[in-house]
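Using the sequences plus the hints, can you model the full thing?
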Amino acid sequence: MAHFRKFWIRFRIYTRFSKIRFIDRLSYRAHFFLVLTEYLLIIIVNYFLWKAILADGRTIRGYTLEDMVTYVAIAGVFRFIINELSGGISREMSGQYHSGELIMNLLKPVSYQLYIYFRAFGGILFQLLFRGATVLTIWALWVGLTPPDSPVPFIMSLIFGVLIYAGIAFLVGLTTFHIENNAGVLFATTASIELLSGTLIPLVMFPSWMVSILDYLPFKMIFYIPMQIYLGRLGVEETVSALTVQVIWASTLSIAGFFLFKTSVRKLTIQGG
Amino acid sequence: MALIEVQNLTKSYKTFKRKEGLKGAFINLFRREYEFVQAVDNINFHVEQGEILGYIGPNGAGKSTTIKILTGILTPTDGKVTVNGLVPYKQRQQHVKNIGVVFGQRTQLWWDIAVIEAFTLLRDIYEVSKTDFQEQLKKFDEVLGIGPLLHIPVRKLSLGQRVRCDIAASLLHNPPVVFLDEPTIGLDVAVKSNIREFIKEMNASLGTTMILTTHDLSDIEYLCQRSLIIDQGKIIFDGDLQKAKDELARERKIQVDLYERVDIDGIREQLKIAKLEFTRRNDYSLTISFDKDEISAIDIIQKILDHLHPRDIKIEEPTIETVVKEIYQKKSF
Numbered sequence: 001m002a003h004f005r006k007f008w009i010r011f012r013i014y015t016r017f018s019k020i021r022f023i024d025r026l027s028y029r030a031h032f033f034l035v036l037t038e039y040l041l042i043i044i045v046n047y048f049l050w051k052a053i054l055a056d057g058r059t060i061r062g063y064t065l066e067d068m069v070t071y072v073a074i075a076g077v078f079r080f081i082i083n084e085l086s087g088g089i090s091r092e093m094s095g096q097y098h099s100g101e102l103i104m105n106l107l108k109p110v111s112y113q114l115y116i117y118f119r120a121f122g123g124i125l126f127q128l129l130f131r132g133a134t135v136l137t138i139w140a141l142w143v144g145l146t147p148p149d150s151p152v153p154f155i156m157s158l159i160f161g162v163l164i165y166a167g168i169a170f171l172v173g174l175t176t177f178h179i180e181n182n183a184g185v186l187f188a189t190t191a192s193i194e195l196l197s198g199t200l201i202p203l204v205m206f207p208s209w210m211v212s213i214l215d216y217l218p219f220k221m222i223f224y225i226p227m228q229i230y231l232g233r234l235g236v237e238e239t240v241s242a243l244t245v246q247v248i249w250a251s252t253l254s255i256a257g258f259f260l261f262k263t264s265v266r267k268l269t270i271q272g273g
Numbered sequence: 274m275a276l277i278e279v280q281n282l283t284k285s286y287k288t289f290k291r292k293e294g295l296k297g298a299f300i301n302l303f304r305r306e307y308e309f310v311q312a313v314d315n316i317n318f319h320v321e322q323g324e325i326l327g328y329i330g331p332n333g334a335g336k337s338t339t340i341k342i343l344t345g346i347l348t349p350t351d352g353k354v355t356v357n358g359l360v361p362y363k364q365r366q367q368h369v370k371n372i373g374v375v376f377g378q379r380t381q382l383w384w385d386i387a388v389i390e391a392f393t394l395l396r397d398i399y400e401v402s403k404t405d406f407q408e409q410l411k412k413f414d415e416v417l418g419i420g421p422l423l424h425i426p427v428r429k430l431s432l433g434q435r436v437r438c439d440i441a442a443s444l445l446h447n448p449p450v451v452f453l454d455e456p457t458i459g460l461d462v463a464v465k466s467n468i469r470e471f472i473k474e475m476n477a478s479l480g481t482t483m484i485l486t487t488h489d490l491s492d493i494e495y496l497c498q499r500s501l502i503i504d505q506g507k508i509i510f511d512g513d514l515q516k517a518k519d520e521l522a523r524e525r526k527i528q529v530d531l532y533e534r535v536d537i538d539g540i541r542e543q544l545k546i547a548k549l550e551f552t553r554r555n556d557y558s559l560t561i562s563f564d565k566d567e568i569s570a571i572d573i574i575q576k577i578l579d580h581l582h583p584r585d586i587k588i589e590e591p592t593i594e595t596v597v598k599e600i601y602q603k604k605s606f
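Protein sequence lines, in the order shown, are assigned to chains A and E. In terms of my numbering, the first sequence opens at residue 1 and continues consecutively. In terms of my numbering, the second sequence opens at residue 274 and continues consecutively.
No lab work stands behind these hints: they were computed from the structure. Each hint should be verified, as a subset may be incorrect.
[As the list claims (entries may be wrong)] Under the rule of at most 16 Å between Cα atoms (straight-line distance), these lysine to aspartate or glutamate pairs were calculated in the EDC-like manner:
hint, chain 1, residue 1, chain 2, residue 2
1, E, K565, E, E520
2, E, K516, E, D566
3, A, K108, E, E400
4, E, K516, E, E599
5, A, K19, E, E390
6, A, K19, E, D385
7, E, K576, E, E542
8, E, K429, A, D24
9, A, K267, E, D351
10, E, K290, E, E308
11, E, K548, E, D572
12, E, K353, E, E278
13, E, K548, E, D566
14, A, K51, A, E66
15, E, K287, A, E180
16, E, K507, E, D351
17, A, K6, E, D397
18, E, K526, E, D572
19, A, K108, E, D397
20, E, K526, E, E589
21, A, K19, E, D397
22, A, K6, E, E400
23, E, K287, E, E306
24, E, K598, E, D504
25, E, K296, E, E306
Here you go:
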């Protein structure tokens, strides 16, 4: 009981970091609308593309136009999350390394990894509550949206997907400790995540050799698997095993991040100042 | 065992040597030459509980590197460090709970929130009770005048305001060990003296152990009974600077202003004291230099009053700056 209380107090502290990021995100109005418009446009372009491809009731690998209408909208909203995690974790870490804010955070009795994670979670909450909700409402009223087949497993799977990418983004952020300028690594991972997680097109539409390689990688667990659950394409057993694999990936990546952060900090060389 | 123990501490960096120019930049892409920089070179010292230790040295001497190792940010290449029984770089989270750190040149506060929010966040992180927190805030407001700053976002504070808030933030949890790295840099005289008073008061009432790094030697003079001087990674002085001043800087100067024109040879005749050095300042003023251990100033002044007709007499003490400069130049003591 005492342990739980202590855990709860620590948890509350970390949620304060989420709140700070959430409020910070709220304060840029012009940026809010610009990004919203940009992402909405991408969804609309994708929609018209699929409308042309899947005209007259055609299907590709079992996807109908109705499926794709929902797919592009959810994927569009998920790209807000990917963006938030790339920016709020990888780029943030790189920025803190160069500005010296990292030092300040190392001087506080908090876990740097959890501090970074929770900040990003605050940003995600903002993205979903404001941008995500706006996009989905517009989409539902204008084009139409199929609700998730089984909401609870979908939300669980979505959270695990976010945690998997958070783990990857943290590892990418750590590269800045070793190669100073990691802008290239950052750009490359964000681009490949969008492709390999299935936010551009459903992964089944890739060549089969690629699909079998992707089975061994964590990327499809980020978005493609949650989306399969949304669309009701996984049975109960498959869903359970998918969620288990997700949990394994999420913890493996975060634990790797934990140890690599320790060794990276040990190598830290900050001269002068 | 002393509160802070530093044994054979060494930190070396590997930095890559950049070749200049376009050609050099191209070569750098393929072949890199590295060189090792010895920032801290086998230093030893310890600090007892309740001590305020001055830590000085020229730019790039290794001061900040030492502080960063003691605060747990950097891991030493070699040697042993314990603060309060903990090894800073191994038990970082536990260690930083017991320390307060002020870096005058960079903020400890989270940029994107108001000062009071940062404070309450720190209160929760360090598990300070609400009543203690209120008391601390009141105290900080009295000494540092931070009351009116509490609702301003950290990023909008001026340098002086920010440093004051930083000091408050890092002492909020009454840490037993405090590291002050140039805490008064860029501050005006009034704020500076407030901060000094505050540091002294905190040390006296709570027995807080402190290490103070600064280029402003008057801070050291006012606060520290003991100082370390580090240069090129090595400690070249460990002791009381006041005493060092007495021992090292033996030359005193007396400035004498006269009603009549200065005639050095005539004056030398009149005073009849050996080993005095006379320098003419202008037509009506001269400086007499002497070694305080050989001749007493009183004797000289007595003679001046007897034989000359002075308008004014001034005795110049050596400053702590000259002492430190002398130590830097001698390189070892």
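Which of the numbered hints above does this structure break? Violated hints: none at all, because every hint is consistent with the structure.
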